[in-house]
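Enquirer: Let's have the full structure, built from the sequences with the hints guiding it.
Protein sequence lines correspond, in order, to chains D and X.
Residue numbering for the first sequence follows the numbering used here, starting at 1 and increasing by one per position.
Residue numbering for the second sequence follows the numbering used here, starting at 1 and increasing by one per position.
Hints are computed from structural coordinates only; laboratory data are not their basis.
Don't take each hint at face value.
What the hints assert, rightly or not - Keeping only pairs whose Cα atoms sit at most 25 Å apart, straight-line, the calculated DSS-like set for lysine-lysine is:
1. 25(D) <-> 125(X)
2. 236(X) <-> 215(X)
3. 215(X) <-> 205(X)
4. 244(X) <-> 25(D)
5. 244(X) <-> 205(X)
6. 236(X) <-> 205(X)
None of the values given here were measured: they were computed from a predicted structure.
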Amino acid sequence: MDWKELKQNFGDFVHGYFVSEYERKLREQFVDLNDLFMLQCFMELVGLPNPAAIYLLDVYPFFLEEFHMWHRRMGMDRSPIGSMPCC
Amino acid sequence: MAPADGHGSLADRQHAVLLKKPLDAARGKPLDVARGKPLDFARGKRILFFGGKGGVGKTTCASAVALAASRAGKRVLLVSTDPAHSTSDIFETPITAEEREIYPRLSGIEIDANLEARRYIDNAKAGIARMFSHAVAREAERQIELASSMPGVEEVALFDRIGDLIIERFDAYDLLIFDTAPTGHTLRLLRMPELVSSWITALSKRRRALLSLNKDIDQVRLAPEAVNPDDDPILKTLEARREKLEQIRARLMQHNFTGFVLVVIPERLPIEETARAAEILRESNVNVCGVVVNRVLPADADGDFYRSRRQQEQIYVDEIRQRFSAYPLVWVPQLATDVYGLENLERVSYLLMRESESPM
Numbered sequence: 001m002d003w004k005e006l007k008q009n010f011g012d013f014v015h016g017y018f019v020s021e022y023e024r025k026l027r028e029q030f031v032d033l034n035d036l037f038m039l040q041c042f043m044e045l046v047g048l049p050n051p052a053a054i055y056l057l058d059v060y061p062f063f064l065e066e067f068h069m070w071h072r073r074m075g076m077d078r079s080p081i082g083s084m085p086c087c
Numbered sequence: 001m002a003p004a005d006g007h008g009s010l011a012d013r014q015h016a017v018l019l020k021k022p023l024d025a026a027r028g029k030p031l032d033v034a035r036g037k038p039l040d041f042a043r044g045k046r047i048l049f050f051g052g053k054g055g056v057g058k059t060t061c062a063s064a065v066a067l068a069a070s071r072a073g074k075r076v077l078l079v080s081t082d083p084a085h086s087t088s089d090i091f092e093t094p095i096t097a098e099e100r101e102i103y104p105r106l107s108g109i110e111i112d113a114n115l116e117a118r119r120y121i122d123n124a125k126a127g128i129a130r131m132f133s134h135a136v137a138r139e140a141e142r143q144i145e146l147a148s149s150m151p152g153v154e155e156v157a158l159f160d161r162i163g164d165l166i167i168e169r170f171d172a173y174d175l176l177i178f179d180t181a182p183t184g185h186t187l188r189l190l191r192m193p194e195l196v197s198s199w200i201t202a203l204s205k206r207r208r209a210l211l212s213l214n215k216d217i218d219q220v221r222l223a224p225e226a227v228n229p230d231d232d233p234i235l236k237t238l239e240a241r242r243e244k245l246e247q248i249r250a251r252l253m254q255h256n257f258t259g260f261v262l263v264v265i266p267e268r269l270p271i272e273e274t275a276r277a278a279e280i281l282r283e284s285n286v287n288v289c290g291v292v293v294n295r296v297l298p299a300d301a302d303g304d305f306y307r308s309r310r311q312q313e314q315i316y317v318d319e320i321r322q323r324f325s326a327y328p329l330v331w332v333p334q335l336a337t338d339v340y341g342l343e344n345l346e347r348v349s350y351l352l353m354r355e356s357e358s359p360m
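Expert: Structure follows, in structure tokens:
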């Protein structure tokens, strides 16, 4: 391993370290925002009225994967809504 | 005046009505519906709503106007949105959830909110069935039924149907007449597009923020995997929905061709409720184009009983004049019989259409 290669590797390491930190922050933020979005879509779950509930039936199929991640994150092992048949 | 023939087939009765000239109940003059003046405030309108407190005669007025307009050569669709439908009873012919012509140029619908909710949920179910395995879809089937009993679903489904009619059947007819449920229900219905569309706007804003954050993550990783916001199916669906709601809202607020007719009777509670309704409608920028004062005691009703009733009514009549001075008023006297069947409806049409004159 010559000097030049070492320098390159070190540079990559430092770059990767900071970038991953940054990426982690972004992902955290993404997850938080997504939870808020999900809450607004599935408000009837927590007993709040959702004026657009019936219109959201249109988009529920697209949500399935995200919804699955969400209810796992919220500590529910199985899908809390019957109409969302993820598990 | 000839009493409505309670026997014989519908066709017989219609035929009889067309032959006989019905008489004005109050005056005994022959009436000619075809030559009656159209409601001044309804002139040029393409969408009319009839609303008011329960039992004041909304359905009667809406049906009478629909009948008269169709006789005058307009293509009319009469839509009953009240969960307790009575247009079938008034026309003495079945009117269903599907559009059906009941007289020449006059079609009727009685919206079945339950059915509409069902239809909507079936659609959503079909979407799930398309995207997931049969087993999963079957499992979901049983439980998705629960969604149909969510509070508010029927209301939204009902609104959805009204919206569809306003958008899609607008060009097929010259006049759409909505006979609405009692006041509170209808006001909520008219405010629904505003409420729901602002809700959806908030949702799609969040979604957009999410997607752009996803893009940022991509840029950091130098590995693009995020979807373009314009291709996101969720965002697309939401935006399409919002656009439709905005379109409906725009039509409802269009003062030159949409009008709300309030029906009231000269009694304490209906006056109060109607005044409130007029206020709320004005605030929501819906055009109240007229007030029909129904069941006013005719001047020639005699006897002590009627004299004292009339005295009391006079107070309310004055109050109506004063409180609804901003709107065109039409006075319809109480008839000697209750209103159902073609002949009676024609009589009401005539009373609504003649030049508006004050009682007493």
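Enquirer: Would the hint linking residue 236(X) and residue 205(X) be met if the CA-CA limit is 25 Å?
Expert: holds, 12 Å
Enquirer: Given the hint that residue 215(X) pairs with residue 205(X), does the C-alpha gap stay at or below 25 Å?
Expert: Between residue 215(X) and residue 205(X) the Cα gap is close to 15 Å, so the pair holds against 25 Å.
Enquirer: Does residue 25(D) lie within 25 Å of residue 244(X) when you go C-alpha to C-alpha?
Expert: Measuring from Cα to Cα gives roughly 38 Å; hence the hint is violated.
Enquirer: Between residue 25(D) and residue 125(X), does the CA-CA distance stay at or below 25 Å?
Expert: violated, 37 Å
Enquirer: Next pair to validate is residue 236(X) with residue 215(X); report whether the Cα-Cα distance is within 25 Å.
Expert: holds, 18 Å
Enquirer: If you draw a straight line from the CA of residue 244(X) to the CA of residue 205(X), is it 25 Å or shorter?
Expert: Holds, because 17 Å separates the two Cα atoms, which is no more than 25 Å.
Hint check: violations occur at hints 1, 4; the rest are consistent with the structure.
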